[in-house]
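> Sequence:
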Amino acid sequence: MININIEPLNSEAQDQARSRQNTLTKPPGSLGKLEELSIQLAGIYKDPMHKIEKKMTIVAAGDHGVVDEGVSQYPQDVTAQMVLNFLSGGAAINTISGNSQSDIIVVDTGVISALPSHPKLRSMRIASGTENFARRSAMTVEQAETCINNGIELASELSLQNIDLVACGEMGIGNTTAASAITAVICDQRAEDVTGRGTGINEDSLNLKINVISKAIKLHNPNPTDGIDVLHKVGGFEIGFLAGVMLGCASNNIAVLIDGFICTAAALIASTINPRSKEYMLGSHQSVEPGHVIALEHLEIEPLLNLNLRLGEGTGAALVMPIVEAAMKCLTDMATFGEAGVSDSS
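Residue numbers (my numbering): 1 to 346.
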């Protein structure tokens, strides 16, 4: 059982932000979604004049036993190889998070291969990959709760470091299969409607993937209103960990950017554990995975961008960090009509 307290967004700060937006030197509503975003952020931070100062990109990595069913075109060794690439600074997420002036931390939640110690690598391992959920539950209930609590713990640590904006990302061969299963269950959809090509599998492999997911859901019959049950039966360690990060960020008044399909599956898990956590989530982009649109609509989260991204790693979330900062800076740094000596519409 996960016990976490999440307060509603601060309505007083939101009202103040809304009022200030109407006095800034622009026609009301002319900054569109940036205005809506700034009001949400004011509620998250309990302060309409909050300055975003410290950012962190979290990349959670874990392996998936369901790969044994042939659902991915890449071997599981790639998970560890990409973690090493993250640590050496050679991946897309390193470039994009660096451009957004965000620090990065990589978390091993259950990579099969051994990883070296590194200052940017945090080991919060549950096991060497999940079980093959086509045949048995992906993990135990206790493991599911542990990986979520690990994510909550890290978010609380970041709060103590005054991190106020977090981008969530992931790495794990086979994790689109887990994300599709989670989305199908929680959003009450058919496997074929939420399952995409992931890393680029062909038509035959896609049909196999859909069949594996459908059979696994029938085998385990997860409870769609119980995120722990869904995670333990068809989830992944990195997905559970990121769900915990999202819950922990919400509990500590940290805005959290949701990346693509896998991270949004984690958001689905988090939202079943505490629905209020959705208020602290920001949608970064809409990926090409068909299940991503369905998951975002279920969460009632509108993405800021649509650039046909499908890489993962947190690339979309880190990419929009400057947009989030700009939204808040427009609220806090723009002059009002009175301050600028500009006549308003009245």
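Be aware that a few hints might be false.
[Said to hold, decoys possible] Derived DMTMM-like pairs (lysine to aspartate or glutamate); straight-line CA-CA distance at most 20 Å:
hint, residue 1, residue 2
1, K218, E192
2, K278, D226
3, K215, D68
[Stated by the list, open to error] Cβ-Cβ distance ranges computed for the label pairs, FRET-style:
hint, residue 1, residue 2, range
4, K329, L206, 36 to 46 Å
5, K33, R125, 34 to 44 Å
6, F337, H118, 18 to 28 Å
7, T25, G89, 52 to 62 Å
8, N3, L206, 47 to 57 Å
9, P75, N162, 39 to 49 Å
10, G89, Q161, 46 to 56 Å
11, E339, T140, 57 to 67 Å
12, E153, T25, 13 to 23 Å
13, R135, Q101, 41 to 51 Å
14, E36, D204, 36 to 46 Å
15, E157, R136, 46 to 56 Å
Source of the hints: derived by calculation from the structure; they are not laboratory data.
Where a beta carbon is used, it is the ideal one built from N, C-alpha and C, also for glycine.
> Out of the numbered hints, which ones does the structure contradict?
6, 7, 8, 10, 12, 15
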